[in-house]
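We have chain F; now place chains Z, D and Y onto it with these hints.
There are 4 protein chains.
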Amino acid sequence: MSGNTFGKLFTVTTFGESHGPALGAIVDGCPPGLQIGETDLQVDLDRRRPGSSRHTTQRREPDQVRILSGVFEGRTTGTPIGLLIENTDQRSKDYSKIAEQFRPAHADYTYHHKYGVRDYRGGGRSSARETAMRVAAGAIAKAWLAQQGIRVRGYMSQLGPIELDFKSWEGVDDNPFFCPDPARLPELEAYMDQLRRDQDSVGARITVVAEGVPVGLGEPVFDRLDADLAHALMGINAVKGVEIGDGFGVVAQRGSEHRDEMTPEGFLSNHAGGVLGGISSGQPIVAHLALKPTSSITRPGRSIDVHGEPVEVVTKGRHDPCVGIRATPIAEAMMALTLIDHLLRHRGQNGDVRVATPRLGQR
Amino acid sequence: MSGNTFGKLFTVTTFGESHGPALGAIVDGCPPGLQIGETDLQVDLDRRRPGSSRHTTQRREPDQVRILSGVFEGRTTGTPIGLLIENTDQRSKDYSKIAEQFRPAHADYTYHHKYGVRDYRGGGRSSARETAMRVAAGAIAKAWLAQQGIRVRGYMSQLGPIELDFKSWEGVDDNPFFCPDPARLPELEAYMDQLRRDQDSVGARITVVAEGVPVGLGEPVFDRLDADLAHALMGINAVKGVEIGDGFGVVAQRGSEHRDEMTPEGFLSNHAGGVLGGISSGQPIVAHLALKPTSSITRPGRSIDVHGEPVEVVTKGRHDPCVGIRATPIAEAMMALTLIDHLLRHRGQNGDVRVATPRLGQR
Amino acid sequence: MSGNTFGKLFTVTTFGESHGPALGAIVDGCPPGLQIGETDLQVDLDRRRPGSSRHTTQRREPDQVRILSGVFEGRTTGTPIGLLIENTDQRSKDYSKIAEQFRPAHADYTYHHKYGVRDYRGGGRSSARETAMRVAAGAIAKAWLAQQGIRVRGYMSQLGPIELDFKSWEGVDDNPFFCPDPARLPELEAYMDQLRRDQDSVGARITVVAEGVPVGLGEPVFDRLDADLAHALMGINAVKGVEIGDGFGVVAQRGSEHRDEMTPEGFLSNHAGGVLGGISSGQPIVAHLALKPTSSITRPGRSIDVHGEPVEVVTKGRHDPCVGIRATPIAEAMMALTLIDHLLRHRGQNGDVRVATPRLGQR
Amino acid sequence: MSGNTFGKLFTVTTFGESHGPALGAIVDGCPPGLQIGETDLQVDLDRRRPGSSRHTTQRREPDQVRILSGVFEGRTTGTPIGLLIENTDQRSKDYSKIAEQFRPAHADYTYHHKYGVRDYRGGGRSSARETAMRVAAGAIAKAWLAQQGIRVRGYMSQLGPIELDFKSWEGVDDNPFFCPDPARLPELEAYMDQLRRDQDSVGARITVVAEGVPVGLGEPVFDRLDADLAHALMGINAVKGVEIGDGFGVVAQRGSEHRDEMTPEGFLSNHAGGVLGGISSGQPIVAHLALKPTSSITRPGRSIDVHGEPVEVVTKGRHDPCVGIRATPIAEAMMALTLIDHLLRHRGQNGDVRVATPRLGQR
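Residue numbers (UniProt numbering), protein chains in the order written: chain F, 1 to 363; chain Z, 1 to 363; chain D, 1 to 363; chain Y, 1 to 363.
Some hints here could point you the wrong way.
Copies of the same chain look alike in the list, so a pair counts if it works inside one copy or between any two.
To be verified - Cut-off 25 Å, straight-line C-alpha distance, at most; resulting in silico cross-link-like pairs (DMTMM-like, lysine to aspartate or glutamate):
(1) 97 - 187
(2) 97 - 261
(3) 316 - 257
(4) 316 - 200
These are calculated hints, taken from the structure and not from any lab test. Predicted model, so just to flag it, every value in this text is computed and none were measured.
Excised from the complex, chain F in its bound form (with noise of 0.2 Å):
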């Protein structure tokens, strides 16, 4: 298909431009008898929300979205659930001056090339706004995922150049950084007040973890759990990298110190961050996610326009000066899409999964 729909058995399909009237997602193969409302999908989609601080865009969107169909009487049927957001606060003039401008950095050269005509109003089809179904529908999948024990966290682990250890997910959703340490909040904030006055943006770093996930998700050789992961997570809007486990750190390992070993009573590490032969270990499956830093910015960029003359652009309208602050709600949504697929993908050729259960416990 051409791009818009995520998931083989669990399959979401969305549409919608930051500027048209709505935004909406079709989610299909939900098992039946799961019970959901729109409050349950409402909580992710407001820890999304901008303006929910000041170091987020100011547009104000309610996104209140609306289930238009597969719930009956509070409970999932089996049949395609039918997601609606409708745009409100559009102000289109903000964005008429660049309708012949490529501006850098950002889609607006790619789609002209790709379709020859392209929707330019606050970016369109290729807006952040886009992920806010995706987040709706990763709430469903959230809720049944909780049903099996598997529940799937994210926290911002680096801001610009400050890394963020792990402290507890306790107070993570307390504050608009998603940040584990409580106590580097006021630091951030200094961060966030210096890049405004500087006029710039800065990238981040998301990391996303789930646990509970039984032994024998994944399907190789080419639909590994950690290759699916790969694609959901870097299919997120400024995402430029995607690691499982150590990342990039396993190049300078040694095998020796690699290897989870294994005792009767789990694993010793998790290196591996759950995953081994791109099928989940029942260890934890740890993911970081790098973002590159806002497109939008204030400060004047050369560019070019349709015509092939060269331009000066400053993008004004309102723009998080780092997109990577609210990217943990996405990540979030992105590996319990992955997950939930790929766990009834493994139910359908192999069955209960129970019999894929370890029979170890887990460090």
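Leaving out everything else, chains Z, D and Y in the frame of chain F:
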């Protein structure tokens, strides 16, 4: 499907265990009229072949590929291309010991729990030997892409702690490391010799580059070119990380630094690695991958057997001390397979690719 | 995927229950630049709309479709097209009685056992109402195919025992039966009036024809054009049989009679229905489908309830005495969706379709 | 993909030309632990094999299949199963004449225009010989389905003008026609002898039945069980029509006649052919297919050559005067492949199939 098919329009489906009778693949969707023969595939297979230097496994396989269909009078007919490589040098006795043991960092444990049964000989399906068919299929993709002026090449950019700067493509194929800087070869040789004395293994970093790719390849939102490249490259045995362009380097970058400005003469930089908004920009596409150290080392390691009892594992047999050394042709193949599939998908929806050719030169 | 997506490159994914808030669809992979608007879709929706004559259900739905994305300034942008139809005339009370009963020949019984839960109101997802979105999506496909000189049209070739010979396309759309022979209309009217007096329903046979299809569409071996047409047409509610060309008539034919001979001026006959070896021959593509009688009739029928107890079912509510009467636009839509998907797939693998245009005229 | 893969979870991908070195297939997604061997596949291959009676082509192929992967110590491992059949009896000289001619009713003309190049020897990829791999793959599906209590069988229900009523399964496999009424065999023999004297060919009708199928298989809306069966059966060479249950007989039926009433003891009839709303009802699944007469006959026929010049075609070589005679095992295979794929898909979304088992007996 259950993971053994790659691609949507140009598809590769593979089969084969390390110590079964043969490896095979079906390449479906290849455009008709392409001049191709077994010798063309053999070139890349020989680049990947074990035993080509003292730094790789001494298992000696001619890896002679046969084309069984889809090519008539030297040209592809548009029908599926059947490929076959008979396994000749197997020595199953090397592996009989580990039938009931889970080798640390191997897929033994996960295969056992996923399927309940496994071909334990040499890792069976999880053996790196499986990648031979990817290389053979990739050679067909490369040949067709070459007709479109697209060239895919790779090199080793880091061996363990030794970082290797790119000097020139010349000579990359003349050394067993695919090292882009011949002056560093003695250093690499010495490092590998010490590694063998240490009875240990090490990781590596590979860089792959595609030149001549037209603007417009990639299907947002989920099947972006970079997302599908991440899927393709993370799906290679032992890979734990994938980067596009500056990769994790973008985390600490400023937006004013990262954005690739444009002039009528072309882009002024390529931090993005040739992909904007998930679509090729016409610049060279640059990807990096991290490979973990070889799991099979002769140093004893703690593990368990299928009964959950503790065992000490010593992996005999013939193994590469660095799987990364032979990974370059595999990475090239996976990038080539990703590009041809996206080119055909793009052509399907948007018609002749020439309409998407950039009107600017590229730096 | 779980069955709610049609096509591989030009995909249609639908959602919606008969008595839920809305029906919707996402059309993905539509070529960019196509001029299309809601009014273009409305034309076919109105042809399918209930209440258009006294011979169809009196449920009155404006079936007003909205385009929510993928069309900008009147042209498709290549991004997914979101479609929505709000359900307005629902009267759920009509259906409350049958919540626990399985209506004979309906999907109540199978949905109940497949999913364990179902939206029983008006058949929910299994209602013929779902086909509205197929018609809307089909209208987009028709518009693009028309640009390529391809025209898809259908008519009723049999109503119950009454066989209808094709006279001309003129007038087919001017009568509620899509009858190709206006002289027979009084006969059809009389038959339907008697049928209503009998409190019974009847089946129908629909014929669909595509003209202007170039040679070369269809992907042997499994995804032949005729096989995919069979999938598309058998997937319409109530269809129990599909024929290509002479269909079941070929059983008693001799090879010397069936084979369509060729001369430099073209084919001398079209027993094959425009498909040879699963690939379009350039002749008109002709398909026939058989629709079963409406299952909802007011005559009491024996059945059971969810507890396995015997019940007598009398289906009230507003139903077509012949579902076939409104099936023609649906059949056209499914054939159009099949053709555009195959045309894009062909173009992807083989490039510009013109190279596949026949060098002969066609009879 | 380009048409050579069947199924979504249990996939079969085939390759091979009639006169190339070999035919092959990859069966992916087979559940692990199934006891299977080459001899099990050979049984069905021998049922389909040419030369088994004087009424089929005298081309003599041992059709010896080899299993190259996916089976270890007699049981499937869950990894892809590679299958290979070497072509032995080719006699290419028989076909050299028609290299530049388009045989009427053959795929020569359409392949030539679709691909611009073709392997003309014996029809190449379009030869019925390709179906051998379907039969081999189908035998694996049948073996697994048998474990679930599902049995797929077929018979010839009409040969040319001769309709054959089903008497019993006994003896169906003991005659070359798969005739379900041994008393009619002399009649069939006589008809075939006359046909050969007439230098002509004839069509046939095949019926396939699956018993023991649980309630709940099939994915509405598009991937209904009946729609996918239609795709599977229409995809067999020479098939021009497919019916489920009463098929085209429903056109003239009344609703009061067609609907299969239910009692606590089960259904009272099976006009639906075991599918309601696209989902299996637990009743036997019944499908019929129509095969056209063999196109290769020795009677001269008018056609053109690749230059558009008129030619008289006389098809020599060894051909079945009725391709339908050997079609029964192929139809069984395609139904079995459809059922196993849907069973695995159902199990993926809905879990253990037992929950979908009907609580009623079935007639």
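- request: If the cutoff is 25 Å on CA atoms, where do residue 97 and residue 187 land: within, between, both or neither? Let me know, please.
  value: Answer is neither; intra-copy 36 Å and inter-copy 56 Å both fail.
- prompt: Between residue 97 and residue 261, at a C-alpha cutoff of 25 Å, which is it: within one copy, between copies, both, or neither?
  reply: between (59 Å within a copy, 18 Å between copies)
message: Treating 25 Å as the Cα threshold, decide for residue 316 and residue 257: within, between, both or neither.
response: between (50 Å within a copy, 18 Å between copies)
Alpha-carbon proximity context of residue 316 and residue 200, limit 25 Å: within (12 Å within a copy, 55 Å between copies)
Checked against the numbered hints given earlier, this structure breaks only hint 1.
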